[in-house]
Amino acid sequence: MKRLTVQELEAFFKCLESDYDVRVPIALHDGTRSLGKPDEGPLALAGGAVPTKITSVFFPQMQKLLTADADMASTPVEMAAARGKPLFVVGFTAQDADCLEFIDRFFDANYRDDIYFAGRDGSIVVSVSGRCGADGNFLRIAGEKCDIEVISDGDKFIVAAYSDAGRGLVDGIDAGEDAADGALEALQKESDALPTDDLELIQAASRLILADKVPEKFWEDVSDRCIACTSCNLVCPTCTCFEVFDREANGKIERWRMWDSCQLDGFMREASGHNPMGEEAIRTRRRIHHRLAADVTRWGHVTCYLCGRCDDVCPVNIGIKSVCREMVEQYG
Amino acid sequence: MSTAAASKADDRGLVLYRPFMCRVESVRDLTPSEKLFRFVRVDGQPFGHKPGQFMQVSLLGIGEAPISVSSSPTRGDYLEMGVRNAGTLTNAMHELKPGDTVGLRGPFGTFFDTEGMKGRNLLLISGGCGLAPMRAMIQYVEDCRGDFADVTILYGAKSPDDVLYKDELALWQSSDKFDCRLTVDAVPGGACWDTNVGVITKLIPPLAIAPDKTTAIIVGPPIMYRFVIIELHKKGISDENIVVSLERYMKCGVGKCGHCTIEHLYCCIDGPVFTLDQVAGLRGAI
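Protein chains in written order, with the working numbering: chain Y, 1398 to 1729; chain B, 15 to 300.
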């Protein structure tokens, strides 16, 4: 197993650009981080989760579904083309990898979403973990939910490959040194010993909702604070709701899908005027209930993986962890 | 983890959101705000639909919307939809003429379990536009009448002018295949109406119902379900023998867009046809 410096990792990522559309965490001018191409900014592996919805690399904010002439009889509908080079995406935390594994299952279930998998199939997901979180905290090791993982020991990164595709790429690394025997196992022990307070909190909140112990008044109080900015949905790696719309471009009609938010009044409104989510308290409840109760019934587990993004961006402090904390304090 | 190894790539390319082309064969006025469209596939293939299912209708440049199928597959390789002019897409649909082309995807969703209902009495209750999907079921029952025992049709509309499929309702009323009863909420002055006046729930108490041998199907506006279900419970019909069709604005039809969720259910793939015991107690369902 290789142990590389940041510079050696950067060279490894860049050398893959001939075969992959490489995205890595980069430092922006304002001090924040985002995913970008290697030449768009300095590599910024440390710092924890990138602030944006990381699954947007596979489920972008806007995605073209098809193109056609307005007169459908004259030409066949052209479906959106599959992307060129497969994606190689660095920067998933362990929680992000959990999110991606879930939305893979979501988009595969019942009807396989071929538009999503046109970008997802053949891609390589690289997690970043170890002693490189914000403020130097330890990031949980993702393990086999990613193809490759780079695990910081505080100085360099141990490179672990879990999938055949990942091993094929990592085996080609000439740079660096071999990791010491037992080094990864020691880091794994450190990862396993990380506190699980947030997980216990969200599980407790889930149990309260499933047991119907959270009254309407709670959702009304939370919704009174919501300003419907939709930031929670826009950064959530497991939010997959989308709107579909047509537009004219270059003399053709294009059909696109675009992220939608369950926090907006019009999310479920029908042409008849019937609106099953016409009250803000219902929409607020839906955002939390969907992850902590409805998905437990449907998928067998909570589908918030505690990435922390909604809590980071919410201007009125009603991200999912904050709401769960209030819920457990009041009704737990 | 890479999904490449697990990929179930379809050699037809990206197809999930691709509509297939259909030709408008005929357009018929039902009421001043409702029309009946008949479509055939340009490729001549059958639609493969079952009563209770819906299609995603595309008018490129306008958009796509879910619309219930109003005709039974027993009637041939065409598909009909009774459409109220209520939104952007249906407004544009009302401009369609025979020979025009539209795109369809589907059929989607669950359907009325006609196999499971064989030998049973049927109580088919619809209100307003709910007769559109119910018509597919009524046609199916009419064509396979020997499969079912007693069949009662109840239909309610706001006023005589709002009654859909008037010609067919008249035939069903005069047919010995059905006991068909109609009502309207109110009769405006000057309107001609010689049968029941009042909400549809008033049609239920006089019926002689064998609850264990009866399946009731309800399709109508959201407010109707709650009160009809109360009357059906009074008759002793249990939730597993009450079938409801719940309409939501499905944007994708394939369980992805999230607009039609009812708690853990997706109306487009788990529904729109449910037995009441599947959705009873789910917030926002009824």
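Everything labelled a hint here was simulated from the structure, so no lab data went into it. Note that the Cβ used here is the ideal one computed from N, Cα and C, for glycine as well. Some hints here could point you the wrong way.
So the derived list for chain Y, only partly shown, Cβ under 10 Å to chain B, looks like this [as the list claims (entries may be wrong)]:
no.: 1; residue: Q1458
no.: 2; residue: M1459
no.: 3; residue: L1463
no.: 4; residue: A1477
no.: 5; residue: F1503
no.: 6; residue: R1509
no.: 7; residue: R1528
no.: 8; residue: D1643
no.: 9; residue: C1659
no.: 10; residue: D1662
no.: 11; residue: G1670
Over 12 Å on every C-beta distance to chain Y, these chain B residues come out as not near it, computed from the model [unchecked claim]:
no.: 12; residue: Y92
no.: 13; residue: D127
no.: 14; residue: L183
no.: 15; residue: I244
Structure-based check of all given hints:
no.	hint	in the structure
1	Q1458	violated, 14 Å
2	M1459	violated, 14 Å
3	L1463	holds, 6 Å
4	A1477	holds, 6 Å
5	F1503	holds, 8 Å
6	R1509	holds, 6 Å
7	R1528	violated, 24 Å
8	D1643	holds, 5 Å
9	C1659	holds, 7 Å
10	D1662	violated, 13 Å
11	G1670	holds, 9 Å
12	Y92	holds, 18 Å
13	D127	holds, 19 Å
14	L183	holds, 22 Å
15	I244	holds, 20 Å
Against the hints set out earlier in the document, violations occur for numbers 1, 2, 7 and 10.
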